[in-house]
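Following the hints, put chain B in place on chain A, whose structure we already have.
Protein chains: 2
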Amino acid sequence: MVKSSNTSRDRLLETTAQLLELQGYHATGLNQITKDSGAPKGSLYYYFPEGKEELCSEAVARSGQAVAERIRFGLSQAPEPLEAIVRMLQGMAEHVGEAGDGCGSGVSIAAVALETASSSERLREACAKAYDSWQAAFREKLMAGGYSAERAERLSLILVSLIEGTIILSRTSRSGEPFRQLAEEIPHLLAKKEG
Amino acid sequence: MVKSSNTSRDRLLETTAQLLELQGYHATGLNQITKDSGAPKGSLYYYFPEGKEELCSEAVARSGQAVAERIRFGLSQAPEPLEAIVRMLQGMAEHVGEAGDGCGSGVSIAAVALETASSSERLREACAKAYDSWQAAFREKLMAGGYSAERAERLSLILVSLIEGTIILSRTSRSGEPFRQLAEEIPHLLAKKEG
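Each protein sequence line maps, in turn, to chains A and B. Going by the numbering used here, the first residue of the first sequence is number 1, and it counts up by one from there. Going by the numbering used here, the first residue of the second sequence is number 1, and it counts up by one from there.
Simulated from the structure, these hints should not be mistaken for lab results. Watch out, some of these pointers could steer you wrong.
No copy is singled out in the list; a pair is fine if it fits within one copy or between any two copies.
[To be verified] Listed next, the in silico DSBU-like pairs over lysine-lysine satisfying Cα-Cα at most 35 angstroms (straight line):
id	residue 1	residue 2
1	41	129
2	35	52
3	192	35
4	192	41
5	52	41
Keep in mind it's a predicted model, so treat the numbers as computed, not measured.
For reference, chain A alone in the conformation it holds in the complex (with noise of 0.2 angstroms):
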């Protein structure tokens, strides 16, 4: 397969995911994104005709499999699920901390899944299937770890929600402090026994 070289798309795609993150949905202009990609006037609606939704979802989709890619790889680190989770925590703790409004995380779709839940069944979709996406990165870890599929599935679903509540506690405080803490608390949550 030889590599898109669709500069202009990837440049918008990449534009609206990093806006998005920044400031929602609803605050992303198209001009804003033209502008800022630096991809020709009229490129925008060429590939993608129907507009802002179908650019958002599409970004949402592609920031989604990236951050899939990333947590996958954050959990090859090390072989057991723990200490990779734990690691993965502390690295995130030091990259929105260096980030000073703990912004740039880059892993979080959380504005636009809250913005778009009630306002766009495309949006939403796309949202839910890039949780599932990370979801299913920490489930096959736990799984391979040891996990029952059960408690591995629980465990996932738990895992996302957590990362997404700290990274808005991180941007709210402007501190990597809450990814810290939670690194701390983790073993807890894994312990393989009844609690």
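Okay, now just chain B, sitting in the frame of chain A:
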């Protein structure tokens, strides 16, 4: 003290709080607030001369306080923190499930927090203060239940992250299931022995 009978102001704040939870900050316009609240035209700038940012900050403060009170009430329903928290999460699963789109849970300022963290210091601070007050409610219950101050601090932060993150996944999946799964696993997180 005579209770304020300032009902237009109250209606404006209540409508704003509902709209912020449902659709976020940017999609919520002053015209819609005035119309939905039934408050007389002109009353918005009379009570909130600084406009949308002032009105929304006060609405977030008010929602935040109401949620903190509900958390305290919920936690008072069982002597042990674990039992009280499990019951609270089960209640949220039902509430979110009933609402259909996972909205109306009344506890999420997450959309506003995410949209405004990097654009409005005033709103960011209002959200941070609300989260602090929710965290304080959990922390006090945990400490009264025998958890160390340090662990109660960490766990209470994580519980607030979990609630916000689980609301996102509930709204996205249109289901109370994420809260039910969380209720099943929370005994692990709150285990008093080292994991």
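Taking the hints in turn, this is what the structure says about them:
For the identical chains of this complex, residue 41 and residue 129 are intra-copy neighbours only, at 31 angstroms inside a copy versus 43 angstroms across copies, given an alpha-carbon limit of 35 angstroms. Taking the shortest alpha-carbon separations for residue 35 and residue 52, both the intra-copy value of 15 angstroms and the inter-copy value of 27 angstroms come in at or below 35 angstroms. In this assembly of identical chains, residue 192 and residue 35 lie within 35 angstroms of each other by CA distance neither inside one copy nor across copies; the values are 51 angstroms within and 54 angstroms between. In the homo-oligomer, the alpha carbons of residue 192 and residue 41 never lie at most 35 angstroms apart, since the shortest distance is 56 angstroms inside one protomer and 60 angstroms across protomers.
Taking CA atoms no more than 35 angstroms apart as the test, residue 52 paired with residue 41 passes in both settings, with 15 angstroms inside one copy and 33 angstroms between copies.
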